[in-house]
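Starting from the structure of chain A, add chain B where the hints point.
Heads up: the protein sequence lines correspond to chains A and B, in order.
Taken in order, the first sequence gives residues -17 to 223; the numbers are from the numbering used here.
Taken in order, the second sequence gives residues -17 to 223; the numbers are from the numbering used here.
Please keep in mind that the hints were generated in silico from the structure rather than gathered at the bench.
Given the structure is predicted, the values throughout are model-derived calculations rather than measurements.
It is possible that part of the hints are untrue.
Here are the computed lysine-lysine pairs in the BS3-like style, where the Cα-Cα straight-line distance is at most 27 Å [said to hold, decoys possible]:
#, chain 1, residue 1, chain 2, residue 2
1, B, Lys136, B, Lys108
2, A, Lys136, A, Lys155
3, A, Lys136, B, Lys155
4, A, Lys155, B, Lys155
Computed far set for chain A versus chain B, every beta-carbon distance over 10 Å [unchecked claim]:
#, residue
5, Pro(-12)
6, Gln32
7, Glu183
Cβ atoms here follow ideal geometry from the backbone N, Cα and C, with glycine treated the same way.
Protein chains: 2
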Amino acid sequence: MTVQDPNLYPVTPRNRAKRVSERARYDRAAVHAILDAAMLCHVAYVIDGQPYCTPTLHWRRGDTLYWHGSSASRMLRHLKPGVAACVTVSHLDGLVLARSGFNHSANYRAAMCFGTARILPEGPEKEEALWAVVDRFYPERSAGLRPITGQEAKATMVIAMPIDEASAKVRAKGVGDNPEDLTHPVWAGVIPVSTVIGAAEPCPHVPEGMARPATLAPYAEGARLDDALRQTQAIYEGEAP
Amino acid sequence: MTVQDPNLYPVTPRNRAKRVSERARYDRAAVHAILDAAMLCHVAYVIDGQPYCTPTLHWRRGDTLYWHGSSASRMLRHLKPGVAACVTVSHLDGLVLARSGFNHSANYRAAMCFGTARILPEGPEKEEALWAVVDRFYPERSAGLRPITGQEAKATMVIAMPIDEASAKVRAKGVGDNPEDLTHPVWAGVIPVSTVIGAAEPCPHVPEGMARPATLAPYAEGARLDDALRQTQAIYEGEAP
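Excised from the complex, chain A in its bound form (with noise of 0.2 Å):
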């Protein structure tokens, strides 16, 4: 009898790595780290046979991840029934130059959940989602907005997958050439990548002299949005009930 490791996402057939296996983790705090380090993820599903790859934010509490969108769209109405998604975040931190065209590579952080995705149905755990998609990324800022009408609350779906597989690979290292070519007369190294937070524009109608608020600092302009991130993830679990 083997008894599952509860830090550990179990591995199947389904998101056992196949290659390159020591890039692999299979740890719940290794996926949640590049989960929670993301805005954007990419949801693939199936349709009558057809794939589709669908971008959208995304946001995780505990091991449910969590995406919202408009009642109108094709990807929310055919997860009505609960249906077979794979959800995955990618970061490219760097692109990876070697001396031979195989050892090409890049670093990247990214993680593949399965599961199955369900639209939440009236009641409390959405309505606590619909303030969750604004104060899990800006923290308290929910307190302050025009509140919800009814009309937007059923305008908009939130679905819900409770992670039952995933894994995570990433690569960060250096360049990754054969020892016999190291010697070959070519520039080779690693160009990092990141993404940074720009100068924030005000909305034209904001009064003079209104500040953002203190709360929005992980956002400051030069930082990394997955530094921003982790940061509010860390904020909005420490307030989770």
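Positioned in the frame of chain A, the structure of chain B alone reads:
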């Protein structure tokens, strides 16, 4: 009789935008601009009814998308006979903080492409592609590299997907609050985000005094990755035979 405009992808139930349709475009120029400004795409495909969403590097020549990977990869083995795939490229450009939860949004550029993905057989198209994966991103680089071995070529699969249908969706504007919300006393605005190049980290085995080649100038520190990729794509297409 309707004649298909050669500048547009055909619009079918598969790629027609179902919501916020004023953000949708079907012209090749709009789709290609989004594809070419990114290295990272997400490929959705189906194995035994299960959707998978795999991140990978892509490049485009004409109306065909290419990506590559190990012959051992699960995704690639299943693509062998030619399978339906959906390839999506997304750029997150800004966080849009409105005065109601409902009007919170994001600025983004996304392209969704549908087609049948096929593994290229051994032959000239694959050989060319094995160099293109380097030269499309790093102009003229392949000429200076250690040659590809037969074993490396065999271990690498190249996938080609002619784009049958595609759509682009772009949001690039300020806060979209309801007029009656504009006086609600909360800060609102756009926080732009962009993916930028960092300081190159040369491999420690690069001989002292060997500079980065001038052909890598688009990847200068502080440059936007999407700009660098657009520039290098223009060079790649300009050199097309």
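Consistency of the hints with the structure:
1. Restraint check for B/Lys136 and B/Lys108: satisfied, since their Cα atoms lie roughly 10 Å apart, inside the 27 Å limit.
2. Using a Cα cut-off of 27 Å, the hinted pair A/Lys136 and A/Lys155 is violated, with the two alpha carbons roughly 47 Å apart.
3. For a cut-off of 27 Å, the pair hint linking A/Lys136 to B/Lys155 stands: about 25 Å separates their Cα positions.
4. For the hint pairing A/Lys155 with B/Lys155, the CA-to-CA distance comes to about 37 Å; that exceeds 27 Å, so the pair is violated.
5. Chain B leaves A/Pro(-12) outside its interface by the beta-carbon criterion, the shortest separation being 25 Å against a cut-off of 10 Å.
6. With a least CB separation of 6 Å from chain B, A/Gln32 falls inside the 10 Å interface cut-off, contrary to its annotation.
7. Here A/Glu183 does not stay apart from chain B, with its beta-carbon only about 5 Å from theirs, under the 10 Å limit.
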